[in-house]
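A.B. asks: One letter stands for each residue in the lines below.
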Amino acid sequence: MWSEVATILKYSSLNIARSSNRRRFRGSERYPLLSFFARNLSVAVVFGVMITVFFISMMKNQSVEIFNYVIEGTGVSLGELLVSPWLFIGTIVFLASAAPGMTYNLFDSPDVEFLLTLPVRRSSIVMVKNLEILPYYSMGLAMIFPAYIILGYFRAGWIGIFVGFLAALIYLGLLWALSAFLASVLNVFMGRMVARRIATMAYFASIMLLVFAYNYFMPDITKTNSIDALLKYSGFMTSPLFPYSWFLRALVGRHFWWISSGITLLFVYGAARLSSNLEFSRSRSHVKKGSFLARNRAFPVYRKDLLLLRRDPQLLYMLAYPVVFAMIFLLQREATAASFFYVQLTAIYSGLTSALLLRQEFLIWPVPMTFPVTMRALVLPKIVIPTVAYSTIYTFLVLALLFIGLMEPWMGLFIPIVVLIIFSSTLLGAWIFLRRPNRPVKGRNVFTTVEVLMVQGITLLWTFSTLGAIQLGIARDWSFYWLLKYIAPVISISSMIYFVIKTSRKMRGFNL
Amino acid sequence: MIEAKGLVKKFGDFMAVRGIDLKVLPGEIYGFLGPNGAGKTTTIRMLTGTLKPSSGEVRILGMRMDESEIEIKRSIGVVPDEPKIYENLKGREFLEFIMDIFKCPRSETLSRLSELCEAFGVDYLDNFAGEYSHGMKQKLMVISVLMRKPRVIFLDEPTVGLDARSAKILKLLLRKYADEGSTIFMTTHVLEVAEKMCDRIGIINEGLLIAEGTLDELRQLSKEGHKNLEDLFLELTGQGKVDEIIQAL
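If you're matching them up, the sequences are chains A and B in order. Okay, so the first sequence: first residue is 0 according to numbering that gives the first Met the number 0, each after it adds one. Okay, so the second sequence: first residue is 0 according to numbering that gives the first Met the number 0, each after it adds one.
So here's chain B without its partners, still in its complex pose (with noise of 0.2 Å):
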């Protein structure tokens, strides 16, 4: 379970996230929606404990962030918005680094293993990660989430980069993990992903959270009738005079 009260993040005069109530429940994809600079991905680093909130409270599986960091770490999983690995470092390297250092049961990660990187066409794990494209990077960084398979997994912007079997197979396979209990937690800028997968939604803007509920309940919130999240967004977020910008180009 994923859990956040009040957070607050400041850089210097500029507070990027300005207060965030959320709960995220185990069995449930929770969708982070918002436009560029929304703060989104400041949310999920506050979240994952790997950027410090200027104030507020985060609590995972029950624990609180600020007291047991390094447990929570080891019960999830965050795939970052770039993927980012030890250019000097062979996939199979990166891997054992990951599986070594979070301490997972070597023989069952290494059957899960196997089995993703045949369902991802992962074959290049002898090549040194400087030489991967951004799709390739960002396939291994999703495999070394997956192979450990944490109750609570963090994603930014998981699909990008990857080709459309590979984020077929994401969709479904972060469908079944959660169906089987594990609390998903997501961004993505691309809302047929959203409006297909996650059971919750909830819109950043400007660092604050706007709205927050299923897809029927933000649909109660348009003024304006929408029924597809994408005019619902654009709604929400005051970005909505997409027409007239058209016109006027």
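Pulled out of the complex, with its shape left as it was, chain A reads as follows (with noise of 0.2 Å):
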């Protein structure tokens, strides 16, 4: 079986690698499955073995003994109680992001119908389908491994990371038996697109869920000093109701290890038994009757433009991320970071939003070649649209921070300021696209690396020259700082003003 996984693996993780605009390497040419790996579990090792490192090296000046200490009441140990929320958050990840993902990648993919024509196993195009979508539950698996490996350090040292790996690799199987069954459970009444929406959402939630985390939930725990609060706490956290405790108690020698090992085997087996007989049938949503207007719109370029936002993860993420950054740095009542932050992340992402929406009409080419629309018509709706979702959510939370007063008044005049710097990363984003139309747009990357690169770079430049440089200049009372405060911002509004009249008036003649 696992010959033939690879064997697929191989050519259909070198189709994906081709059809993602990520500059090819040698590498993946070469060697096809590690790359694969690489590219797909890099940010989740990263993002773990960080994790890993920064307790580790947090808990180690403190005695190990702290760390195996038993609450009184509870039986639980400190540890435990440290690493469950993440057990907890990774496994909702977890699921979340598989299930669905499972279900529109094994029920509904275009080379499954050719996979099926195969001499292959069954099951083994089930484990190549749900290899694919690692990118989907990669995040889960970044919070569930540190968990364990780090309660194993502590434990029983170095052999304990070992043994924490070992746990999680089985409570992996089982979570993945329980996607498999959920998958096909959610494959009744979901449709491809809902199922791929639903699983692009869970992925980028995660993401969410492990800022949150990382920057909330530990030192709240850490911090509580109510003793009731902490035993309803760590009754509800490491529950045997949650899979995930079993193992964790089975790593601290309350538990047998074969009673949880034994469940998940007999999981995994029904999960398998349940792949090797999957019918692969396509299932439509169930759809409510609609019925179409009796008059025509205006705009109707502005209206489609917005649909599809709204129905887009990828673009409703790009919406979203830095209003939930902006809200860590409001909980901690840095008003001026939060709306900093906020105008930062927003001309990365206005710049990526434009050439997104730009994506969707190049997805259909030679399609809206055949509107009777000229070509600007068609480009400016996705340089308006992202500008106006920014700059509005801008203007609301500074209006909000000044309203409950964490902000001064005279701030709200950068909001002009930001409403030049949203627009010129927009036209930016756009320029940047359209001087490359024929670039590959099926994969969820539409820019290179040197690109995204060009973006952030010009884009950061911009902030930093103007809403860093006056902040800073007002913040330090030093002579020196008097260029940053005004020297710096007009030279970079001049040059932004310089940018958009130019770009402008490049794009005005620009034809594919």
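Since the hints were made in silico from the structure, they are not lab data. Errors might be hidden in some of the hints.
[What the hints assert, rightly or not] Cut-off 30 Å, straight-line C-alpha distance, at most; resulting in silico cross-link-like pairs (DSSO-like, lysine-lysine):
(1) B:Lys167 <-> A:Lys288
(2) B:Lys195 <-> B:Lys148
(3) B:Lys51 <-> A:Lys505
(4) B:Lys240 <-> B:Lys226
(5) B:Lys170 <-> B:Lys102
(6) B:Lys83 <-> A:Lys9
(7) A:Lys288 <-> B:Lys102
Both chains come to you apart, so use the hints to assemble them.
C.D. replies: Dropping the structure here:
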């Protein structure tokens, strides 16, 4: 079975790598399997290693006894309590991403029909299809593996790391089996588009959850002074109702390994049986019957783009992420930092948003060229919509902060500067995209690494040289800082205006 | 009416279309045939304004493409070789978008649309286009053009993916529209379709229009006396040595 999986995955990963716009490197051609796992797991591994190293180094100075200290009346060790939130979130993230991911990738992949004609086992096809969606649940893995490894380390040193890894691996098997069952159920009533949207949203939500948890969950637990709250909390988090706690118990020696492993094995066997008998049939989502509007509406391209924006999880994520990030700072009552980081992220994302909106037209190329509108009428909404959306959110954010008194009134003057930054960034994204219109657009990333760095570099420069410079110039009282306060913003604003005028002219005469 | 004069398209050093002249009159169904890579789709894209010619002139309904592109696009309908639709739009939303962008008179278009949906068996307008099969997309694409009843219709391989009933209905509808004065330009690999439907046929090979005329006129070009379009086509495009290949296999 594994040789079949490796052969199919080798070619499917080559296909995926080539359909994305990532610059091909020789490794992906020569070692497609290795590069597949490297590509899809690198972010999770970096997160996982960071969390593991951070916790081990943080707790190393404390005595190991503290970590293994059993909280009176609960039977739960402090170590278990510390890692259980990660497992709790990791499990939710995994199930929320993997099950819908499997639904759309397994039951409605365009190549499944072809794969079924090959002399390979059905279970091999299922395995490949599950591995293909690795990026979706990789963030779940980034939370689950460190939790067991950290607990194992503080329990039994370096050997504990291995045992912790093993526990994570078995738990992963259980999660996979549960996801497969869930996917089979979801397939009954969920169409491909809905499943794909949920899977992508869950993936992005997991990143947000990770950022949130990293900032808030752990400090809250360690800072709590209420014994009752702690007891209640530990009872919930390490409840045997959550399968992750079985392996936690096994790791700390309060539970037999064979029980948890046995149950896992049963589930995996059941899921494997299920997967070898799957029908791979296409399911249609249940839909409400609609009706046509009786009259034509104005601005059809704007309406269509807004609808597509609303339905594209990646675009929604890019609208939501700066707000979530700002909220993290707001929870710490850091209003200036909240607005500054919102603008920074927005500046980067607005360029990408316009490129992703443009991508929608290129995905159905040359159909848009048959529409009776100019190229300008097709491109303009992709610049206007992100600019208006991000600017409106920023204006509301500033007004709210002014209203609750977390921001000084003069900072309201930043609004027009921010609108200019967002507009310039959006235009920059669109311009970079249209410079190479025959780029591959089927992958999730529309820009090459160099283009991403270009967008990030230029937009960050604009943000730092305006908002950053003004804030720093005011915060410092040194005579030298007048340069930052006045000169840098003037130069930056002038450069943005120049860029907007010049690029708008270029794009006016643009044709494909 | 469709008119092309000295139409040339170069992609770098490669010349895909090497000077095509053609004229299709109102009420006519013109079949544009050629082997794979002959330049059919490139030509149709230049005629529909989706690709700029390297040189030459295109006139549709008497208007020059380089001068009145938008006006021309509003008057024509195009069914491309691949039915591509925004995946995150439902069929109904896509059709509404088409009605809005082409500024179609709503009530007239809607009544025609409901008839077309019934005829083609389209009952999936509330599903997302991303969930459609090739055939379902093709039907939607055909309907989105026919509901507007444009004066000039371009179809690139329109029967691919359609079931027998839908293909038959499409063929009859195109004939009806042509009889009512529409100009129809279509490419197809199904030579029986071209033989039965088209009033005139043009054959393109390696970017050149090598033969043009009614079926009878094309028959006269055959040195080997071929009568049916398939043999005629293979002879004219230099692909006639099929028997030898079959023997060798």
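A.B. asks: Decide, hint by hint, whether the structure agrees.
C.D. replies: So, going through the hints one by one against the coordinates:
1. B:Lys167 <-> A:Lys288: Holds: Lys167 (chain B) and Lys288 (chain A) sit about 28 Å apart, inside 30 Å.
2. B:Lys195 <-> B:Lys148: The given pair, whose Cα atoms are some 22 Å apart, holds under the 30 Å limit.
3. B:Lys51 <-> A:Lys505: Holds - the C-alpha atoms of Lys505 (chain A) and Lys51 (chain B) are around 19 Å apart, at most 30 Å.
4. B:Lys240 <-> B:Lys226: holds (17 Å)
5. B:Lys170 <-> B:Lys102: holds (27 Å)
6. B:Lys83 <-> A:Lys9: The hint holds at about 29 Å.
7. A:Lys288 <-> B:Lys102: Within the cut-off at roughly 24 Å; holds.
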